[in-house]
Structures are given as C-alpha cells and as structure tokens.
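Listed in order, the protein sequences are those of chains A and B.
If you read the first sequence in our numbering, its first letter stands for residue 1, the second for the next number, and so on.
If you read the second sequence in our numbering, its first letter stands for residue 1, the second for the next number, and so on.
These aren't lab readings, by the way, just hints derived from the structure by calculation.
Keep in mind it's a predicted model, so treat the numbers as computed, not measured.
Wrong hints could be hidden among the right ones.
Which copy is meant is left open, so a pair is good if it fits within one copy or across any two.
Stated by the list, open to error - Only pairs whose alpha carbons sit at most 30 angstroms apart, straight line, appear in this in silico DSSO-like list of lysine-lysine:
| # | residue 1 | residue 2 |
| --- | --- | --- |
| 1 | K224 | K49 |
| 2 | K49 | K164 |
| 3 | K242 | K85 |
| 4 | K164 | K94 |
| 5 | K264 | K94 |
| 6 | K242 | K49 |
| 7 | K174 | K154 |
| 8 | K264 | K164 |
| 9 | K174 | K224 |
2 protein chains.
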Amino acid sequence: MSLKLTILGCGSATPTIDRNPTAQVLQVLERFFLIDCGEGTQLQMRRNKIRPRHFDHIFISHLHGDHYLGLFGLLSSLHLYSRNKPMYVFCPPKLKEIIDLQLTASGTRLSYELHFHELVENGEQLIIETNEAAVYSFPMNHRIPCWGFKFVEKPRPKSMKGEKIREYNISFSKIDEIRNGNNFVNENGKIIPNDELTFPAKETRTYAFCSDTIYDESIIPYVKGVDLLYHEATFAHELLDKATNRYHTTALQAATFALKAEAKTLIIGHYSSRYGEVSALLNEARTVFENTIAASDNLVIEIS
Amino acid sequence: MSLKLTILGCGSATPTIDRNPTAQVLQVLERFFLIDCGEGTQLQMRRNKIRPRHFDHIFISHLHGDHYLGLFGLLSSLHLYSRNKPMYVFCPPKLKEIIDLQLTASGTRLSYELHFHELVENGEQLIIETNEAAVYSFPMNHRIPCWGFKFVEKPRPKSMKGEKIREYNISFSKIDEIRNGNNFVNENGKIIPNDELTFPAKETRTYAFCSDTIYDESIIPYVKGVDLLYHEATFAHELLDKATNRYHTTALQAATFALKAEAKTLIIGHYSSRYGEVSALLNEARTVFENTIAASDNLVIEIS
C-alpha cells in the first residue's frame, strides 16, 4: 500500500525559473488526483510523464490565480484529445462561472461532461469516495475562501493464508467476505476467527494538503495524525508580520502546526519568490519538527 | 533603426516540452509590445530577461486559451509588484469580462489602471500610436473572431550635417523642424532644401503578426510589403484538409501568402504538437518563399 505524491509546482504567486505555481498529483493505486492547477501544470505533467487523461478528479483550493490558472488549458487539451469520460472538479463556487465564460468565449463545446462540485465552508466534508480513497475538504483561513483536502486511503482486502484454505476446506465463494474481515463458519457450525485465516490488514495512509492559510490551530482537528502533511510556508519566521498581513504562514509556524497535529511527516512549500533556495526555511522548520521535507518541483514522495 | 522580435512561445493549443503557447515581444527602440500571452508567458519573460514592468501595451489576437491564458497571472504579478502606471490591453470584447470575473473571484483590486480596448472587425484600424510606432489591427479568418496586428515604426528625425549648420549659420531653434523634413529659409529669404542640410532619413520597419487563420488572400492588403511577416503554419500541406477544417494554415500556404504579400521575410510558427521538429514545415515553406525562418521558443530576430 502506498501513496505517491508528485510536486508539479511549489512556488507562490509570482513564478520563478525553478518553481511553478502550486499543483500536485496524488496517486493512490491506479487512481490519480490533481490538487490545484497553477499555470504550467500541463507542461509539468509532461515533464513528469503523468498523463492528463488519467485524471477524473481535480481539487482546487481557492481562486488566487497561482492555484487554478492552468485549469482551463488542461480542460481544453482534454477536449482536443477527444476525452469522453466525465471530469469532476471540486472547487470554490465561482470557478464554474469562470470556466463557462472561457468556454463560451472560445466557442468550445467540450467532448466530455464537466461536473463542478462547489466546496462548502461548513467544517469537514466528505466530498468524494472512490474505490481507492475518500477525500474530505475542510476550511483554511486565507484572504479569500480557501479549502484544504484530506485523502484517506481505503482499507484493502486482507490476504488469505493459503494453508488455512486447505485446512478448513474453505470454498472459493467465501474468500471475498473473509478477506473483507469476516469470520468463517465451517460445516459443523464452528467459528474460525478471521485473524487465524488472514494476514494482518495493511495500514492505510493519509495525506493532507493545507495551502494557503494563516497559522490557525482550529484547522488541526481536520488533519490530526496524518501520515503526510503538506503545509504552506511562504516566509521565514523573521517575516512573520508580512506572513500574517497576507494570510500566509512561516516555516516555523508550519512546523508547529505539524507538531501539534501529530503528523508523521511534514512537507513545506508555496515559497515566496524572494527565496532562491530554501534551506533556511527547511532548517527553521526542523528546529521544531525534525521530519520535515522541503518541496521542490518534480519531487516525488512515496509513503509506503 | 531596428525592430527586435522575441518569440516566447511558438506552439499551438496543446503545449509540448519545447514549445510554449503563443506569445511574442516586439521591441521598437525602448518600447515593448506584448503580442498574445499564452500560459507560461511570465516564465518565458524571465528566461529571456524581459521585465514585465516594461510593458504598457498588450495585444490579444483571439480568445482561444493558447493565446491569452497567461494574461491574468501576468496582470496579477504586476499588481504584486505594485505597478502604478496604466496598462492597455487591445483584445476581443469578451476578455474584459473574463479578467474582471477573475479579479472579483481573487478579491483583487489592482494597484494600477487597466484599460481594455475592444478590437472591431471592420477592416484595418489604427488602434494605438506611441512615439515609436503605430499599431493597426485587421481581421483574420478563424473559427472565432480573431485579429492580426501590424506594427509600423515611426519615422525618426533626420540627422543634420554639421558643416551646413555653420555654413548657413542656422540657429538652434530651427534644428528640430529641419530634422523633421522642413527646408531652411535664411536671412536673405533664400530657400535651402532639406536634402542639402540633412542625411537621408533612415528607413522605417514594419512587422505583421498573423495568427490564427485559415489561408485567406483577403488579408494580404493589410500586410502588403512588410519587412517581417509572422504567419501561422500549424500543419504541413499533406494535412491541408485538417488545416482547413480547423481554420488553420499549412506551411505551403503561409509561404504563398508571404509571396503574394511581398513580405521581405516570413517567420512561421504555431506548429501542431504532432511535429517534434519542424524542418519539414520549414523546407516546405522555402519551396515557395526562400526567405522563411522557423520560429522557436526564445528565438530573437532583429530587423535593422
């Protein structure tokens, strides 16, 4: 079991040569989720050999340009590639209006169904469930309405112990329910506990995405104990005033947030373009939360 | 006197690793004009060391995403850089609505004035005149309303012959009008012809941008005799049917257009992503119009 996170862009509002604006791909088994879609996302997908047609679900955190300006181009390309399966976009209310206006202006009638699901500001919400994962939205605290997303891997069927199948003469038709956790009752009515028949269930993994936001501990319950936490760290702590004024977070604050949220691993990003390289931000975060990773474009992180 | 054209993007609708969507910068003396603004234009400006703050005029040919999706990000960045001089955007009618909606959604009130000038479909129009150049729009023939642009360098004042100033005792106050082409009348009423007093005027240069369009000879009068003609060449001529169906042009057609327009030099671009390299398109064009250049990202062409 593993989650694979690819950072397509880890910059903030003004792009730099080395950093595209925010976009990430989370892969859970064969399922690909696109999280934010800043300008250049299509090109970054190409560079990372990720195919746009693999996506059915796109999550947009908020309507600052550096988090969604790559979306219309991506949707247009899917049309040019003659996509015919539906696409689901989970996003702030006004995005549908923006995309619809752009479609009208370009005279495009998409080759596929495009569904918008408006995010709501009322606490944690289960917004989509696939065979591979459940996805929740929760409110961030930014200058405009903004959401975080949590991806919770679904438990997978347990593996059977082959010798037990023979020992108890278990018929093929019973295998699925045993793998899903049920006990087995043999022909004499004897109950064989599930644990005796199967290997322990593999742990499921969780990923939470928190960008953009001011430091806000009221968000912690939504991401408590996640395996991997992405939290924005736009500035170093010496620029706390600037961070606060702009509803952003410092690296030190991101680490404090991760510590209090009891995350296993923290990944920071959304760096201000003033930082050519980010070791100062990383070191600052590690003074509080040792297990911190600095995002960089094209970085791949696997949690297995 | 020279025009300097920088190709920021020469791809078409679906971007490739090597080709950004359409954007070009034309420099006339100290004046910078941005022509189309596909996704990634800001980054391409950085790569080419062109500063966004140098621009006061942006020209958008039409509202297919590959020609304008970089605009909102660019305008947002200028706001973050605290720009305070006005920006003028010459564009199809609906673009103002799109940008306004995105500004509202992002809660942004720009730090500078943003003026939209709607292009009109009625033949050639003088749309802006600066000290350096006059810019004209003219209609292309595409699937949606689309415009080309012609940039005509302004004549510069002629240079005086120093010895004639002394010979005719010309006062300082008369110099400007002589440099602008007037004759000189001395104190005895004798007319000294301008040609005797000045060096010949330097030639002015013209650039015309034609993208996107089906092959259409009715456009030729608008670009007759230009020094440099950019014409889209999305496909090779073997795909003429596809080009025609999609209101695009083949390389052979672009060359025929340049020949009939009596352009000095042709530059082709807007290549379909099916072409990894474009020597076939270039060779095809050169069978008809020898002086053809193939656009590539970051190519700089000077006409002097």
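Hints, one by one, checked against the model:
1. K224 / K49: Classified as neither; 33 angstroms inside a copy, 45 angstroms across copies.
2. K49 / K164: neither (43 angstroms within a copy, 69 angstroms between copies)
3. K242 / K85: Answer is between: at 25 angstroms across copies they meet the 30 angstroms cutoff, but 44 angstroms inside does not.
4. K164 / K94: neither (56 angstroms within a copy, 69 angstroms between copies)
5. K264 / K94: Cα proximity of K264 and K94: none, with 35 angstroms in one copy and 48 angstroms across.
6. K242 / K49: between (37 angstroms within a copy, 28 angstroms between copies)
7. K174 / K154: Classified as within; 21 angstroms inside a copy, 86 angstroms across copies.
8. K264 / K164: neither (36 angstroms within a copy, 84 angstroms between copies)
9. K174 / K224: neither (37 angstroms within a copy, 81 angstroms between copies)
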